[in-house]
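With chain A's structure known, arrange chain B on it following the hints.
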Amino acid sequence: MSEDTQTVGRSEPIFKASMQWRRIKAHFFVVLGLLSVLLGVVTLLVLLADVIIQSTGWLDWQFFTSFDSRFPERAGIKAALFGTLYMMFFTMLLAVPIGVMSAIYLEEYAGDNWFTQFIQVNIANLAGVPSIVYGLLGLQVFVRWMEMGRSVLAGSCTMALLILPIIIVASREAIRAVPPSMREASFALGASKWETVRHHVLPYALPGMLTGAILAAARAIGETAPLITIGALTFVPFLPEHPLDRFTVLPIQIFNWVSRAQSEFHELAAAGIIVLLVVLIALNSVAIYLRQRLRTKY
Amino acid sequence: MAEDVSPFSHYPSRNDMSKRASRNFKEEAIRYALMATATLSIVTTLGILFSLMGETLFFFREVSIFEFLTETEWTPLFSIKKFGIWPLVTATALVAFIALAVAIPTGLLIAIYLSEFARPRVRDVIKPVLEVLAGVPTVVYGYFALTLVTPILQEFIPGLRIFNALSAGIVMGVMIIPMVASLSEDAIGAVPQALREGAYGLGATRFEVATQVVVPAALSGIVASAVLALSRAVGETMIVSIAAGQNPTFTLDPRVPIETMTAYIVQVSLGDTPFASLEYRTIFAVGTMLFILTFAMNIFAHWFVRRFREEYD
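Keeping their order, the protein sequence lines are chains A and B. Residue numbers for the first sequence, in my numbering: 1 to 298. Residue numbers for the second sequence, in my numbering: 1 to 313.
For reference, chain A alone in the conformation it holds in the complex (with noise of 0.2 Å):
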């Protein structure tokens, strides 16, 4: 800006120069952030493009119903998507209450302390660690010493405190988004703490509580790398009956397929991709939908 300074004394000319050289400068920044957002917009197109063009041919009912095989065109996603289920059973009944009761704890009861201030510190920590590293947890404290095998039950509890940070996180901005007012009013009629949170608070954060749980059971679902630390199968010819069966999962059934050799494999891993993104799709409109709802409520 010094340059319009020393323009001001001179001719005409060259501060209207200048000008239009400063306003072409902002025109050339506007199509290079344009360029920016283009290249993430293309990248997913073309992703969702090569996809579906793959995998067309794969997508039948056999696909469904059939278990993995060394023949591709007998190959299934079966045993994956059972996996996927029970799994992501135990992990929400295990993280859902855990984070919730942590954030109702963190935003209604604890004091500002040392303590508290230190559990908060712990929580961003643990949303910044590597989700392998919370396999190598896992493959330690569950597999082994709790001796749960590498089972169902060992994945959902690994996953279970992978996704215990954005549980917390997304139930305490609920909390924190009921009115103070709403609180007021109950102790004023002689609730207790409690019948308060249970009775008042609880209710009107639920939606956005619910938000979160998706949006982490959508994080749960995709994740890979954990469950193959603590062991997971890559080739799972059986449906897993009892918790501490041993089991595989969408995501890893398409690593092993990506990591064949032979093309139709591949297909097959692009018809994996396939449901796993129509799966979180779906989760995430339900989330964006009760998004919407929690908006309008006040």
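In case anyone wonders, no lab produced these hints; they're calculated from the structure. Do not take every clue at face value.
Stated by the list, open to error - With a straight-line cut-off of 16 Å between C-alpha atoms, the simulated EDC-like cross-links for lysine to aspartate or glutamate are:
hint	chain 1	residue 1	chain 2	residue 2
1	A	25	B	208
2	B	127	B	155
3	A	78	A	241
4	A	193	B	155
5	A	193	A	107
6	B	81	B	311
7	A	193	B	28
8	B	26	A	195
9	B	19	A	241
10	B	81	B	62
11	B	82	B	71
12	A	78	A	60
13	B	82	B	67
14	B	82	B	279
15	B	127	B	186
Said to hold, decoys possible - Chain A stretches covered by chain B per the calculated footprint, using a threshold of three residues with CB under 8 Å from any CB of chain B:
hint	region
16	37–43
17	223–232
18	257–268
The beta carbon of each residue, even a glycine, is placed where N, CA and C say it ideally should be.
Only chain B this time, still in chain A's reference frame:
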């Protein structure tokens, strides 16, 4: 809650007293139960530390820490075992560097564009796209890198192998763009509007406001977002396991197969490694290294924001 609130009973009856006592007991019990669940985050951190440390200590009883940190060959799965972690570290650094070279400029440009230039309606279209991009599972990005990006790059780059750091790094960069964009946008959004208006009032163009006022004011947050992106890139697993190979080579050539720290952990996990074997312990030693690196970066990012934040009013 079914307490008797009859207007004639001014004094609490014995029944009421015991009810109140039981109610207080219940309240306290719930309080401690909630507190216990909140403490689980501390237990998790301790669990990570103990499970990593324990096996790592056993590992360093058999392998000297000096060899681990100075040797440049990593062959724990061969008959002649060498335990120099450098090939894994350079591979991780190489892929992360390529990823950041893609993610930081584009992510930052998107953040500036969204907060300083884009109209609200454009923002409402772009932000969900970025969210979708951030929600795609990493195994899908790995598939993308191996089956689509690598063959395309092979057309232009002679000598590019099927497994290479370049393609994995580029795709990882695209994966990290939303993270850089959203963190940088938060930092830029925290810059007070008055600063922008002051600059506009002096006759600055949007470009000048963005580059000479907003970005310098938000620099601490932008640097922090870059460091967090680096931490994310270092810990990323599936893209490199699928597309970058499983050859621990001590090289910075982005065209050849390599093996990152995370990919090594995956490689060993896929085999049936017995507990308490040396191979089993190597993944904890590598995991400890990974944990220390990412932890240091996360702490640094948070410290940096706090230390160098521009304070206004």
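Against the structure, the hints:
1. 25(A) with 208(B): Holds - the C-alpha atoms of residue 208(B) and residue 25(A) are around 9 Å apart, at most 16 Å.
2. 127(B) with 155(B): violated (33 Å)
3. 78(A) with 241(A): holds (13 Å)
4. 193(A) with 155(B): Distance of about 67 Å is beyond 16 Å: violated.
5. 193(A) with 107(A): Answer holds: residue 193(A) to residue 107(A) is near 12 Å, not above 16 Å.
6. 81(B) with 311(B): violated (54 Å)
7. 193(A) with 28(B): holds (10 Å)
8. 26(B) with 195(A): Holds, at roughly 11 Å.
9. 19(B) with 241(A): violated (46 Å)
10. 81(B) with 62(B): holds (12 Å)
11. 82(B) with 71(B): This hinted pair holds, its Cα atoms lying about 8 Å apart.
12. 78(A) with 60(A): The hint holds at about 12 Å.
13. 82(B) with 67(B): holds (8 Å)
14. 82(B) with 279(B): holds (12 Å)
15. 127(B) with 186(B): Distance ~13 Å between residue 127(B) and residue 186(B) Cα, so the pair holds.
16. 37–43: holds (count 5)
17. 223–232: With 7 residues close enough to chain B, the hint holds.
18. 257–268: holds (count 3)
Checked against the numbered hints listed earlier, the structure breaks hints 2, 4, 6 and 9; every other hint is satisfied.
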